[in-house]
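Engineer: Take a look at the letters that make up each chain.
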Amino acid sequence: MSRLVPAAVSTRYGDRWRVMQDRLRDVSDLHRSTTIVVSMAIAAVLMIILPKLPPLNIIQPDGPWYDSFANAGVFVLLAMGLNVVVGLAGLLDLGYAAFFAIGAYTYAYSNSPFSGQDLPFLPMLVIGAGIAAVFGIALGAPTLRLRGDYLAIMTLGFGEIVPIMFLNLQPWTEGTNGIGGIYRPEALPGLGEFTPVSSFNYMIVMLVIVTLAMILMYRLHGSRIGRAWMAIREDELAAAANGINTVVTKLLAFALGATTSGLAGVFNASKLSIVSPDQFLFTVSFTVLAMVILGGIGNIWGVAAGAFIVFLIQVVFLKQINTVVEAFHIPVLSDINFLNYQFLLYGIALVLMMLFRPEGLFPSRARKAEFLAESADLDAEETPEVQGSLGEVPGAEEVFGEASGEGVR
Amino acid sequence: MTDVLHAARVTKRFGGLVAVHDIEFTIPEGSIVSLIGPNGAGKTTFFNIIAGIYDPSAGEIIFRGKSMIAHARRAWLEPVMWVLPALAVGLVTFLLGQSGASSGLIALGILFTIISLMVVMVVGVARPAGYSELLMKLGIFRSARPNDMVVAGLGRTFQNIRLFQNMTALDNVLVGMHSRLKATWIDALLSTPRDRREEESARQRAEELMTLVGLHGRSKEVAKNLPYGDQRRLEIARALASNPTLLLLDEPTAGMNPIETADLTRLIGRLRSELGLTVLLIEHDMRVVMGISDRVTVLDHGERIAEGTPDEVRRDPKVIEAYLGTPPA
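From first to last, the protein sequence lines stand for chains L and E.
Going by my numbering, the first residue of the first sequence is number 1, and it counts up by one from there.
Going by my numbering, the first residue of the second sequence is number 1001, and it counts up by one from there.
Simulated from the structure, these hints should not be mistaken for laboratory data.
Treat the hints with care, as some may be off.
As the list claims (entries may be wrong) - With the Cβ distance kept under 7 Å, some of the chain E side facing chain L (calculated, not the full set):
1. Gln1098
2. Ala1126
3. Pro1146
4. Val1151
5. Arg1162
6. Met1167
7. Asp1171
8. Val1175
9. Ser1179
10. Ala1183
11. Trp1185
Unchecked claim - Which chain L residues stay away from chain E? Per the calculated CB distances, all over 12 Å, these:
12. Gly63
13. Arg184
14. Thr283
Backbone N, C-alpha and C fix where the C-beta goes; we use that ideal spot for every residue, glycine too.
Between the sequences and the hints, there should be enough to build the whole structure, so can you do that?
Structural biologist: Below is the structure:
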C-alpha cells in the first residue's frame, strides 16, 4: 500500500519513516536469528523492569507479574506451534490440547511421588516434546489424507479422547484428581533453586524456550520445507504436481506442532506441579486457535505477540476489572465475575476482527498484501475469466482457421 | 530417437463412463507432441493419468524406460510384506510369553505388534522417497504419485492456472524446485552452510528461469497480482524448475490474445531448442498446434482416432468429422 501513495501526497516525515522501516525490514530479513535474539532480549529486559515501576506495580507486585508472564509464555509457545499446523500448512487442528496433555503427563510420570521418579527437567523438556511428536505422527498418519473439515473433525475427536483417557484410566492417572506434587526442576546455573514462588526463574526459562522456538520456526518458515507447507495450504494438488510429497510434509507440520505443544505441556506441568484432565479440555484448543487468528495467522512473531496480549488481558485485566468494580461498589457490574466472560470476549473479539481486520492484529506481509489486493482488484479479476471461457470453446471454423487451408475445404 | 513416454493400452473408467479407452501413445525424445480433440474427448483425463493423478483402470505408463504407472497389479502384496511379519513376530512373542506365563514377554509382543503396525501405517501412507522404487524392485507394483512423477522428470501446468496465489512469483518457482533441493527440515533448523548455499543457488536459478519465460524483475510480486498471461508464464517457469525431461502443457494459450499466443508459441519452441525438452501439449488453438507440433494425436470419446504429422491429421476424414460433424449424405 505504501508504494501506491504518490510521493507528493505523503509528508516527508512519512517517507523517511517508511524508508527506515524498509531498511529495518531488510536487515532483519538478512540476520533473522540475531534480530530475534536482540528483540527477545529487549522484551526480557522490559518484562523484568516494567513490573517494578508504576503503573504496572500498582496493579499487582512484580512476583505475580512474572508469574503471569511465564504462564503467558506457555500459551505463546502453544500458539506458535499451532501456527505451524494451521497458519503455515493450513491444516485445521481442533484437538491441539491433546499434545499439550501428553507432554504434561509425560513430565508428571517422570517427576512425581506418584511414579517415584525424579528425572532432570531440561532433558525431560526434550523427551516430553519427542513423545508428543510420536503421538502427533501416530494421529497424523491415518488422518492427514483427509482434507479441510474432515481433518478438523478427526482432530476434534482426538482432542476429546486424550483427556477422557487420562480421566478414566484411574489406576494409571489418578483420574479427576490428576497427578499432584510434581517435583520442581533442579537448580539451573545462573538461576538457582526453583521454589514455589520462583516465578522469575520460570519466566527466564520460558523466555529462552520461546526465543529458541522462534528462531527455529523462522528458519523453517524460510526454508524449502516452509515453502512446501505454504504451497500445500494454497493448493494441495498443485503442490503434489510440483514434486512435494504432501503426506510427509503435512505429517512433519503436524509433528512439529505436537512437539511444541508437548514442550509447553512439560513446562506447564512443572510450573503448576499438578496435572489433571480438566486442564486440557477443548477450551484450551479453542483459546489457542483464537490466539493464532487474533495474532495474525501465519505470521510467527505476530501470533506470539497476539497470544501474549490475549493471555494477559484474560488473566490480569479481567481480574483487575473485578477488583476495581468491587472496590467502587458499582451496582449491577459488581455482581458479575468478569473472569467467567473470557469466552464471550473471545467471541466478540473474533467477530470484530473478521469485520474490521480479517488479516489479524499483526499480519505477515504476504497476508496483508492478499487482503489489500482482494479489495483493490475486485473488478480487475473478472477479465481473465471471460477471456478463458471464450478461448476454451472455439467454434469449429475457428478451430481449423487458417491452418486447415487446402486440406479441409 | 528413444521414447520418453510410452502409454501402453491405457484405459480409464469412471463408473460406467469410459473416459479413455485403450490408448496407445508414444512421445519420442526431443519432440513436441500435441493432443487434440473436441471437448470431453478425454484429453485432460489422459493427461492426469500420465501425471500420476489418476490410476488407470488398465494399461500402464512407461516413463523413461521405467514402468511408473499401472493398474494396481499385486498391490495386495504390500500389506502382506509388512503386516504379516509384524503380526507373526508379535504372535510368537505373545505365545512364548504365555507358555512361560511371563507377562513381560506378552506385553513386549503386543508392544512390538503395535509399533510395527504403526511403522507400516506411517511408511505406507507417507511413501518416503525411494519407497515406491523399493516396492517395484520387489515386484510389488504401486503407481507413482504426482510427486514421484516429478522426481522422475515430469513437469506440468494446469488447464485452469493453479499457481500458489498468495506466494510471491519467486517462491512459486522455488516450490517447483522442491524435489531437486536436498535440504531436510533438520538442515533448515540448524541453518547449515550446505542449506544456505543451496538456497542461494536455488534463488539464482529461479531468477534465471523467470528471465527465460520473460518475467524478469517480477520475482517479488504476489502471484495473483500478475496479469493473466504472466501467470501462465509463471506456471511454466514453475514446471521448468524441477528440471523436467518431459513437460506437459495443458492448454497453455487458453484465454490469451493473439499476440500473447504467438509469444508463448515461440517460448515453447525455445524450450525445446534451448533446454532440450520434450513437450506434450493439449491445445485448442490450431494455429499453435499445427505450427509447432512434430506429431499430433487426436482423441474423441476417449478413443484415439488419428495420429500423425500435422498435415496428415488435418486431412484425416475422421478428424474432420469429429470436429465438424458428418457431412450431409
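Engineer: Please go over all the hints and tell whether each is borne out by the structure.
Structural biologist: A quick look at each hint next to the structure:
no.: 1; hint: Gln1098; in the structure: violated (23 Å)
no.: 2; hint: Ala1126; in the structure: holds (5 Å)
no.: 3; hint: Pro1146; in the structure: holds (4 Å)
no.: 4; hint: Val1151; in the structure: holds (6 Å)
no.: 5; hint: Arg1162; in the structure: holds (4 Å)
no.: 6; hint: Met1167; in the structure: holds (6 Å)
no.: 7; hint: Asp1171; in the structure: holds (6 Å)
no.: 8; hint: Val1175; in the structure: holds (4 Å)
no.: 9; hint: Ser1179; in the structure: holds (3 Å)
no.: 10; hint: Ala1183; in the structure: holds (5 Å)
no.: 11; hint: Trp1185; in the structure: holds (5 Å)
no.: 12; hint: Gly63; in the structure: holds (35 Å)
no.: 13; hint: Arg184; in the structure: holds (30 Å)
no.: 14; hint: Thr283; in the structure: holds (30 Å)
Checked against the numbered hints above, the structure violates only hint 1.
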